[in-house]
Structure formats: structure tokens, C-alpha cells
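K.L.:
Going down the list, the sequences are from chains A and B.
Sequential numbering of the first sequence, starting at 700, is according to the numbering used here.
Sequential numbering of the second sequence, starting at 700, is according to the numbering used here.
Check before you lean on any hint, since a few could be wrong.
Which copy is meant is left open, because identical chains are indistinguishable; a pair holds if it fits in one copy or across any two.
Straight line, CA to CA, 25 Å or less: simulated SDA-like cross-link-like pairs of lysine to any residue [what the hints assert, rightly or not]: (1) Lys776 x Ala822; (2) Lys711 x Ala723; (3) Lys709 x Gly724; (4) Lys738 x Ala838; (5) Lys738 x Phe757; (6) Lys776 x Gly740.
Simulated from the structure, these hints should not be mistaken for lab results.
Chain by chain, the residues run as shown.
2 protein chains.
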Amino acid sequence: MRWHILSIGKPKLSFAATGIADYAGRLNPFAQIKSETLKAGTREAESAALLERSTGMFRIVLDERGDHITSRALAAKIDTWEQRSVKNVAVIIGGADGHTEELRRSADWLWSLSKLTFQHELALLVTLEQLYRAYTIKAGLPYHRD
Amino acid sequence: MRWHILSIGKPKLSFAATGIADYAGRLNPFAQIKSETLKAGTREAESAALLERSTGMFRIVLDERGDHITSRALAAKIDTWEQRSVKNVAVIIGGADGHTEELRRSADWLWSLSKLTFQHELALLVTLEQLYRAYTIKAGLPYHRD
């Protein structure tokens, strides 16, 4: 499965960029991860660009209205998508003003990391750690403990 | 208010340590933050050390059974604690095996960042960003947007 992590705006937190690269490297044996940032603009322009860039992909949209699930449940979801032969997954992280209703409606899954609001580069970092955790759970590796 | 962030085990993720130091610095105008790591051991030994180290402090224990709240609600909680003249707050992050029942019972507040399991240095990083966000909300600064 190929993961396309799509977010908005130039990265500002260098420690987050280092962490994101770290988890992308650790994920390498399990899945391909490509992180891409799109230009900031109005909410409408950002959502339109994210929609365009994820055309044909399975869309996971990070949104405060989304589902709250455990790391084990995320691993189980990835299993399901693999069984359904999903090839390209887009993880879509909005800009400061969030997503348009159109982008939300186009989502295959709406996911909420937390009730808390995370700076969006931290949201990206947390997402990558969750993908890594999910793949280690799937592989039966000891990284995740209950 | 003085915040004592207590966690277990030597830090392993250097990017997380950089991020934690970054937010501790940003928090400086608002509150004193001291981060301290205690030695890893059995769950009982870790919880006993965390309990001992936080004696006399208002105890916030990070635990999966805790409350899920928004960043704005966290800011409101800090206001309440300030009104109650809380001086020293301990934020207690457990080791890999979590907390003992005794430590949980001693908590003034049980807080859950997410249903997801975060690597504990990421939990620390997220916690510091939430404290920073809460203080900017209280100060009416533009960092947080709904």
C-alpha cells in the first residue's frame, strides 16, 4: 500500500520534520510513505487542491468530526483496506481553517486523532507514529504494548 | 503556576526532546515548566517514584481511562486551578506498563490525550504543545483557531 500524506503550508517546526522523516524511514519495510505539502490559501482553494491531488486514492480526512479509535483498531482498518486491495491511500490534513464540506463528503473515512487541537505538523507527526505503530501491531512486533 | 512534567525512562527520540524544549521556552512568559525523567523499573517502582516525586502537588495523571477534552476546555481548567490558587502541578506520564491503581486513585485529574496510544515522548511533546495552546487561549493570542 502506498500512503500519500497531504498537508498544507510550508513546514515551520524543524523538530517535527525530523520526526516525520524518522517514522517515514521506519515505515519503509512495511509501506511506502510520501509526504507532500500543498500551498496555503483560502479554505476553498486548499480543499480543492487536496481533493484534486488525491483523485483516485482512498481518502482518509483528518477532521475533528471524525472517528476516535484505538491504535489496534487502526491496525485492523489497514488490514481491511489491504483485503479490499486498496493501493493508494491519501491522508489529508487541512490548513488552519479546516476542510470544506465537499472535501469532508468525499472522504472514505473521517478520522479524529484527539478532541484536542494539534498544531498541524504535530498532527502529521502523530499520524506517522500511528501508521508505524499499526504496522508493527500487524506484524506482531513488540513496539506496541497494551 | 509551576508545572512539573514527570515521565519515566531516558529520552530516546532527539527530535521530541528538541520539540519539548521548544515549547518549554515558548511557555516561559506564561508559566514555569520543569521536565524531569525518573528511572525505569517495574510498574510498581515507577508509580511509587512518581507518587513520591509529586507529593504536595496537584496531580494530573495521563491515563487511557482519563477524560477527553478540547484545548479550550483545558484552558478553562487551568483558569479554575489558578482561581483555586494551585501553585505546583505535576503532569505524570507513565512508563510502558502504565500506572498502578494507587497512583490513579491519587490523581486530582485523570486526562487522556487520545484513544490512540502515543509513544511516551510524543505524549510529552503533545502535552507541552497543549499547555502552550491553553495559555495562548487564556491570553487571547492568535495561536489557537477554532
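K.L.:
For each hint, tell me whether it holds in the structure or not.
P.N.:
Verification of the supplied hints:
no.: 1; hint: Lys776 x Ala822; verdict: both (19 Å within a copy, 23 Å between copies)
no.: 2; hint: Lys711 x Ala723; verdict: both (18 Å within a copy, 17 Å between copies)
no.: 3; hint: Lys709 x Gly724; verdict: both (21 Å within a copy, 22 Å between copies)
no.: 4; hint: Lys738 x Ala838; verdict: neither (36 Å within a copy, 30 Å between copies)
no.: 5; hint: Lys738 x Phe757; verdict: within (22 Å within a copy, 44 Å between copies)
no.: 6; hint: Lys776 x Gly740; verdict: neither (32 Å within a copy, 34 Å between copies)
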